[in-house]
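Keeping their order, the protein sequence lines are chains L and R.
Mapped onto the working numbering, the consecutive letters of the first sequence carry residue numbers 1 to 410.
Mapped onto the working numbering, the consecutive letters of the second sequence carry residue numbers 411 to 820.
A hint or two may mislead.
One-sided excerpt, in silico: chain R residues whose CB lies under 8 Å from chain L [claimed, not checked]:
| no. | residue |
| --- | --- |
| 1 | 547 |
| 2 | 621 |
| 3 | 691 |
What the hints contain is simulated information worked out from the structure, not anything from laboratory work.
Think of the CB as a built atom: it goes at the ideal place given N, C-alpha and C, for glycine as much as any other residue.
There are 2 protein chains.
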Amino acid sequence: MKVALLGFGTVGSSVARILCDLKPDGIELSHVFNRGIGRKKADWAPPTVVWTEDFDEVLHSDTDVIVELVGGLEPAGSWVRRALEAGKSAVTGNKKLIAKDGIELDRLARSKGAHLLYGAAVAGGIPVIPGLQQGLAGDRITRIEGILNGTCNYILSRMEAGDAFADVLRDAQQLGYAEANPSEDVDGYDARAKLVILSRIALRAAIDVDSVGCRSITEVDAVDLVYARDLNCTIRQIAKAELRPDGVSATVGPMLVPLRSPFAWSRGTENMVLVSGQYGGDVVFSGHGAGGNPTAVAVVSDLISLAHGSKAADLPSRAAQVSGEFELRHYIRFIVQDRPGIVAEIAGALAAEKINIDALFQRPGYEKGNLPFVVTVEPCAASALRRAIDRIAHAGWLAQPPLDMPMLGE
Amino acid sequence: MKVALLGFGTVGSSVARILCDLKPDGIELSHVFNRGIGRKKADWAPPTVVWTEDFDEVLHSDTDVIVELVGGLEPAGSWVRRALEAGKSAVTGNKKLIAKDGIELDRLARSKGAHLLYGAAVAGGIPVIPGLQQGLAGDRITRIEGILNGTCNYILSRMEAGDAFADVLRDAQQLGYAEANPSEDVDGYDARAKLVILSRIALRAAIDVDSVGCRSITEVDAVDLVYARDLNCTIRQIAKAELRPDGVSATVGPMLVPLRSPFAWSRGTENMVLVSGQYGGDVVFSGHGAGGNPTAVAVVSDLISLAHGSKAADLPSRAAQVSGEFELRHYIRFIVQDRPGIVAEIAGALAAEKINIDALFQRPGYEKGNLPFVVTVEPCAASALRRAIDRIAHAGWLAQPPLDMPMLGE
Chain L
1 MKVALLGFGT
11 VGSSVARILC
21 DLKPDGIELS
31 HVFNRGIGRK
41 KADWAPPTVV
51 WTEDFDEVLH
61 SDTDVIVELV
71 GGLEPAGSWV
81 RRALEAGKSA
91 VTGNKKLIAK
101 DGIELDRLAR
111 SKGAHLLYGA
121 AVAGGIPVIP
131 GLQQGLAGDR
141 ITRIEGILNG
151 TCNYILSRME
161 AGDAFADVLR
171 DAQQLGYAEA
181 NPSEDVDGYD
191 ARAKLVILSR
201 IALRAAIDVD
211 SVGCRSITEV
221 DAVDLVYARD
231 LNCTIRQIAK
241 AELRPDGVSA
251 TVGPMLVPLR
261 SPFAWSRGTE
271 NMVLVSGQYG
281 GDVVFSGHGA
291 GGNPTAVAVV
301 SDLISLAHGS
311 KAADLPSRAA
321 QVSGEFELRH
331 YIRFIVQDRP
341 GIVAEIAGAL
351 AAEKINIDAL
361 FQRPGYEKGN
371 LPFVVTVEPC
381 AASALRRAID
391 RIAHAGWLAQ
401 PPLDMPMLGE
Chain R
411 MKVALLGFGT
421 VGSSVARILC
431 DLKPDGIELS
441 HVFNRGIGRK
451 KADWAPPTVV
461 WTEDFDEVLH
471 SDTDVIVELV
481 GGLEPAGSWV
491 RRALEAGKSA
501 VTGNKKLIAK
511 DGIELDRLAR
521 SKGAHLLYGA
531 AVAGGIPVIP
541 GLQQGLAGDR
551 ITRIEGILNG
561 TCNYILSRME
571 AGDAFADVLR
581 DAQQLGYAEA
591 NPSEDVDGYD
601 ARAKLVILSR
611 IALRAAIDVD
621 SVGCRSITEV
631 DAVDLVYARD
641 LNCTIRQIAK
651 AELRPDGVSA
661 TVGPMLVPLR
671 SPFAWSRGTE
681 NMVLVSGQYG
691 GDVVFSGHGA
701 GGNPTAVAVV
711 SDLISLAHGS
721 KAADLPSRAA
731 QVSGEFELRH
741 YIRFIVQDRP
751 GIVAEIAGAL
761 AAEKINIDAL
771 FQRPGYEKGN
781 LPFVVTVEPC
791 AASALRRAID
801 RIAHAGWLAQ
811 PPLDMPMLGE
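Okay, chain L solo, but in the shape it has when bound (with noise of 0.2 Å):
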């Protein structure tokens, strides 16, 4: 089986070095694709190896599969949909375009008797993508959360650790863990693509991608990170989605996650999916869920299945209409001017939407002027929450907006 690679960057190198390695049987690394692939030749590589910057090379040559790791919609999606189009497979880690026309394209994969696997595009280095079409295929999943950006995990948990958000940022861009403009990671667009692709895998559910609403973990404040130890809590970034009579629940965004539960024990830039089945119950994976190794570790376990002849089973999934209802516990965060009246005005929001308040907590060292104090409230459906908070987002005794959080149980 002959594989030609489209990019040529720390995960594409990274499949190229484990290929050379690891020699896994009836693998042949044919071409290696990239612009200005002069400068990009590497002398380790066999001596067969095509180097190219031409597309039409690798489409037009005898190669078996592409391995597409550039990225982004286009040109990826093009380079993928032709190379499905002349019968070769396809495998890619690229999430936004899976996300986007994973349906469409495993279509055109299957007409043509060719294979589109993309066990690298949902927390590369750990094998849930697997792991639930193979070994969950035999139950029906009903829920889904999941820490799916080390980016966002590495800046909480070391907000949690006292650090300021900025400072964090700044860390994770020199170490090469987030982007210059970050917004992709930290307002919750990468790890709300692999959502919806677990969401078509595990719940059967076909979603759109923009139909789920994303919060930015900017929000957060390092008050909120000492508040939620107080609650027994952490703060992580979590991707959930559930199955519901009508549809799907899926929302994206910072959640309180109980010091207890497996969420708070990953760190860093570790990822974590938890699965819940109807007969199996909860199954977590965790691990490493990018970085060029554990990537292409997932890219040469799909080329791999491909070389044995293994094929993804076609479970259907069904178009499914997306809401972000989720009945759960709430903490809101205010930071106020302090003056008498201001719990009342709040508790009288929330009672207007028959939301109950659980507790009620406030620091002693603030200033009065800048003071956070925090509400926490019984389960409640996000939409009612909003609208309570909407009922005082104009009061004068605010010198933030309140920002609100769900809590998820152990």
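Following the hints, complete the assembly by docking chain R onto the known chain L.
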């Protein structure tokens, strides 16, 4: 694809129920075979199912796959062998059979164009086997550590909470977690069979079951859990195997695990498997490893794989020699009749084997004639530690034989 169930106990009837409920494409339950089948017939099963206590009736039928859930080496082994010889595929959860004869049976299956799948043999509801075979085939796994026996985990996590071994064992028996004779579980033989299977798949090392040493968790006393806590650890039955230049190190028994490690977070009958790869780093799988439904999920998932024509990658294993040597820190607990010179004798015995003492702990409040105290030592070979302990095995001041346990890192 017609499927015959051999064995209609807890797991067998769960498999039948899930098949009736999920109705996976292309899978039809054709036969149920069990002794005294008259008492077993289920009115909710499809009317087309043939209920039989005659294995030959199954063998000579047009059923495509047998699902062996009888357990034990015989007659289950002969049934699987005869089915494979007849060109039928087999799905089994029989860890004893697969640990002992899996390689031979797999070869037999391939020679007949049939398949042998055994996802249910290790950590039932957790997709460790497909995760390793499909998702981590592209890595070189060098180490496996796991909590592979739910009964031991239930017992030790209850003892951690302060309950006595005898009480917990009785509860486990009443709840159906432990057999009347609990030796397979508590003495480590069950976990050992699973470790041998995982070593074959993950380390690609074919090792002989009987060559792996087991230590019983019955040696663990309440006082050990108290001292473990002082060391920021708890105690779990751990199955551990590691590639070494000259073979494989493997062992099963109680070990100290740090409170901050995932193993400590595993409670009740949960199972957990950690694999370390050269490229992808550590990956952890956890979930419900036993019980009717989780195990049945693994069986049904294997059936769906077969129905979709997925093949397990044929990853070759090599015969490997087993040693019990690991360079680990150790915990050694003594119960002594207190007198001067004991510490000097112990220190001398350790020094003679060049083992460095790390710390010495003695909690107050115990009587002089039955005094527990603990020594921890720096990483040393298990064999050297065994020799050091043997040097003092006949000391008059020992009220009980000392207990040593390895201490895992974070």
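Status of each hint after checking the structure:
1. 547: holds, 4 Å
2. 621: violated, 27 Å
3. 691: holds, 5 Å
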